[in-house]
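Required output: the full structure, derived from the provided sequences and hints.
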Amino acid sequence: MQSKYNYLITVGLVMVLVAAVFIGCPRDAEVTHEAADRVYIAPGDLDEFYAFMSGGFSGQVSVYGLPSGRLFKEIPVFSVKPEEGYGYELETKDLLMTSFGHIPWDDTHHPSLSLTDGIPDGRWLFINSNNTPRIARICLETFKTMEILEIPHSAGGHASPYATMNTEYLVSATRFSVPVPQADVPISTYKENFAGTLSFISVDDNGTMDLDFQLIVPGFNYDLASSGNGPSHGWMFFTSYNVEEAHTLLEVKASQFDKDFIAAVNWQRAQECIGDGQGRTKEAEYYHNVRNPDTFMSESTRKTSTTVLEPDNCPGVMYFLPTPKSPHGVDVDPSGEYIAAGGKLASVIPVHSFSRMLEAIENEAFEDHVNGIPVLDYEATIAGEVQDPGLGPLHTEFDNRGYGYTSAYISSEVVKWEIGTWEVVDRIPTYYSLGHIMVPGGNTMEPYGQYLVAMNKSSKDRYLPVGPKLPQGGQLIDISGDRMRMLLDFPLIGEPHYAQAIPAEKIQPNVKRLYDLHQNQHPNAVRDVTEARVVRDGNTVHVYMAAVRSHFAPDNIEGIHVGDEVYFHVTNIEEEWDIGHGFAILGDKNPNILLMPGETKSIVWKPDRPGIFPFYCTDFCSALHQEMQGYIRVSPEGAGTPLMYGTGDEMVTR
Amino acid sequence: MKLEKESRTLFAVAVVILILLYFLPIWRIDLKAPQYPEGIGLYILIDDIRGQERNNLLSVNRLNKYIGMQAIVPEEIPELQIMPFILGGVIVIGAVCWFTGRRKYLTGWIILLVIVGIAGLVDFYIWAYDYGTNLDPQAPIKVPGMTYIPPLIGTKQLLNITASSYPASGGVIAGLSGLLAISALYFDKRLKKKRAQ
Ligand SMILES: [Cu+2]
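Chains as they are written, first to last, in our numbering: chain A, 18 to 671; chain B, 1357 to 1553.
Bear in mind the hints are in silico, worked out from the structure with no lab data behind them. Heads up, some of the hints might be wrong.
Subject to a maximum C-alpha distance of 30 Å in a straight line, what follows is the list of computed DSSO-like cross-link-like pairs (lysine-lysine) [what the hints assert, rightly or not]:
#1 B/1498 to B/1512
#2 A/276 to A/474
#3 B/1388 to B/1498
#4 A/90 to A/529
#5 A/529 to B/1388
#6 A/529 to B/1498
#7 A/523 to A/98
#8 A/90 to B/1545
#9 B/1545 to B/1460
Label-pair ranges, simulated between beta-carbon atoms [said to hold, decoys possible]:
#10 B/1513 to A/527: 32 to 40 Å
#11 B/1393 to A/661: 39 to 47 Å
#12 A/100 to B/1429: 49 to 57 Å
#13 B/1499 to A/485: 37 to 45 Å
#14 A/595 to B/1457: 58 to 66 Å
#15 B/1410 to A/122: 35 to 43 Å
#16 B/1429 to A/60: 38 to 46 Å
#17 A/536 to B/1451: 29 to 37 Å
This structure is a prediction, so every number in the text was calculated from the model and none was measured. The beta carbon of each residue, even a glycine, is placed where N, CA and C say it ideally should be.
What follows is the structure in structure tokens.
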């Protein structure tokens, strides 16, 4: 009854606020022409920051410049991208392999830059997928997905990847608990049969990921995570909700208790326990897909076991910190001392103290145990509560001047508060329904406190309407002064759940302009037009093709028959910056492939009817791009047309 | 007549610095086009023609294909095989002349240097003329009456490309060597006059 009453008050407040937004003073009265100067990047000038936004249900990562809000690129990660051939061409197809088979889509959530000493180092960007839990690694020299690791014993890989201070580990926790291992059980046996896992993925010096161990934990919904920094290095914090362990109508049933938990995990302790033989090997099935930068090929490895650790067998590995009302975000401040939680339904932002947490553990200030895991006394760990933080506080980022910034979804605003006094010092409305926020470096030990990006779930009347589905709204806010100031609206791709940003100079000098043709170790590459050839092997035909301004070699091919499987291995043999070529064939059920200089890609074409099939370059490469085309003659099955190919007047017969 | 000590030293420097020409580009051709904000160009060395940046020569050849210009293939230019020996000859003869310490040999070496320099420039122009005018009749881009002779020295507009040609560090050093040798001769006369008084 109590909760229903709260709900009514909340709805009432929302309506008042929405009314205030629409009826109130002229919109954005505070935005002046000065704002334009702050975000205007003159033609030919470059932005200060690279921003990486998750694409949410687009499955990709988009790359923006800040402060201009200009979109540079969409990096394909978990979803296929016909524009480039990603996920269709043989080189990247295996990246999308899982224990369920090849999956063409997922839901990306939280990008995480690799860290050294708690500061982004510009080597890699990691990002998780929520639906079929995986973590991907993107190389920041090529902006290409180079690796995807599936997380077994999990569903809803939401609290992920959140790199530790030196990228020792990435994590992935289950938002949807499931039987571990999977089993056919009645859903109503949730409490007996369902469990959560907190997975720790190690990253080596080449960036290669490995599932190091999984903690088996109670079947709550583990939501978000944040790594310890400085003094709290070695610890990882996860929020959880649904400690009620409901399995239906969670919107009501998982909101019954006053407090849920932040799980504090001491991963160094876990390493000790596993070193002492406390871990155990558990059967599992998951895929590890790695792309080789020299051969361009990806290789899928099916893995069959993981190391699991039960907190029971490793005292000290994990504690629960009671935290009000279904906390969503958990965010560690730059000093590593404070842990802020965004209780979506809470009326305060509780901030725990890491040092007080250690004291409470020392003094065994436990109020309870859940599955043998100590629950610390709320009063013993709390450092302060931010009062009046807006409705529906979700996520907190920090600046370098001792302030926290929390997004409030229901009241659609950013609330700025001071660490230590826990007092709200400023607030600014956003348009509309604010989810994640991002301060460049705002989750690291050295935030760059100039800008804050608000990622709104709705943009309603902010742009020219484009049908019922609107873009989600990015907003750039100046946080360099005492008062926050709105600077810019820019539309986003998909649904960005969190973002990362890094000063341009940490990435720009390392970005590759092209692939060195002489280092190309693709097994089917050609390095010169003289190496171009067509080879038949039974019903399989391999075309080793070169693309160079402004022709293909070969560009005439005869002797292909219906029923053949034709492999096109196309190499762009250009050695000059930004001379790309594309390749597409009439009626091909594959999309085109896009090739940058020195790159080789392969697609398989299965002609199903006789005729003449033109192919052409799809990327405007040169003044004679329109001339960059060719023909394939397809004869009926068994017609016996001899295999012939060539460029220019001479045809080679095989 | 023997050279004075000071002018003989200048002569030595003039000969020795020519050794640098084995390592430094003699001439540079810079090409500017809207599509190449990063710049593109060639260096001419005593024994090679090379892109200013990696792959620049390849890029120039691929661009030149459109107007039917022959590809620049350094291995097929005989002068690049011969020039190191000619330079070696100039240096050895210079050393011998210096060793004699006689003024007329210095004068002789200066004449040799000027002849070799002029011959080099003439040869460069002949090649440039051939590249710029001897075009493939099947070229995709044909502009009636247009030729593409790059400038010997200076800047010239060739379709969308602004081509500039200048001495590079090696060329400057060659010129400096000549100037040093000539000033050695000049100062020698003045020193002798002074010391005779
Ligand atoms: Cu092309």
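Status of the hints after comparison with the structure:
no., hint, result
1, B/1498 to B/1512, "holds (19 Å)"
2, A/276 to A/474, "holds (26 Å)"
3, B/1388 to B/1498, "holds (21 Å)"
4, A/90 to A/529, "holds (15 Å)"
5, A/529 to B/1388, "holds (23 Å)"
6, A/529 to B/1498, "violated (35 Å)"
7, A/523 to A/98, "holds (28 Å)"
8, A/90 to B/1545, "violated (71 Å)"
9, B/1545 to B/1460, "holds (12 Å)"
10, B/1513 to A/527: 32 to 40 Å, "holds (37 Å)"
11, B/1393 to A/661: 39 to 47 Å, "holds (43 Å)"
12, A/100 to B/1429: 49 to 57 Å, "violated (38 Å)"
13, B/1499 to A/485: 37 to 45 Å, "violated (54 Å)"
14, A/595 to B/1457: 58 to 66 Å, "holds (60 Å)"
15, B/1410 to A/122: 35 to 43 Å, "holds (40 Å)"
16, B/1429 to A/60: 38 to 46 Å, "holds (40 Å)"
17, A/536 to B/1451: 29 to 37 Å, "violated (45 Å)"
Hints 6, 8, 12, 13, 17 from the list above are not met by this structure, while the remaining hints are.
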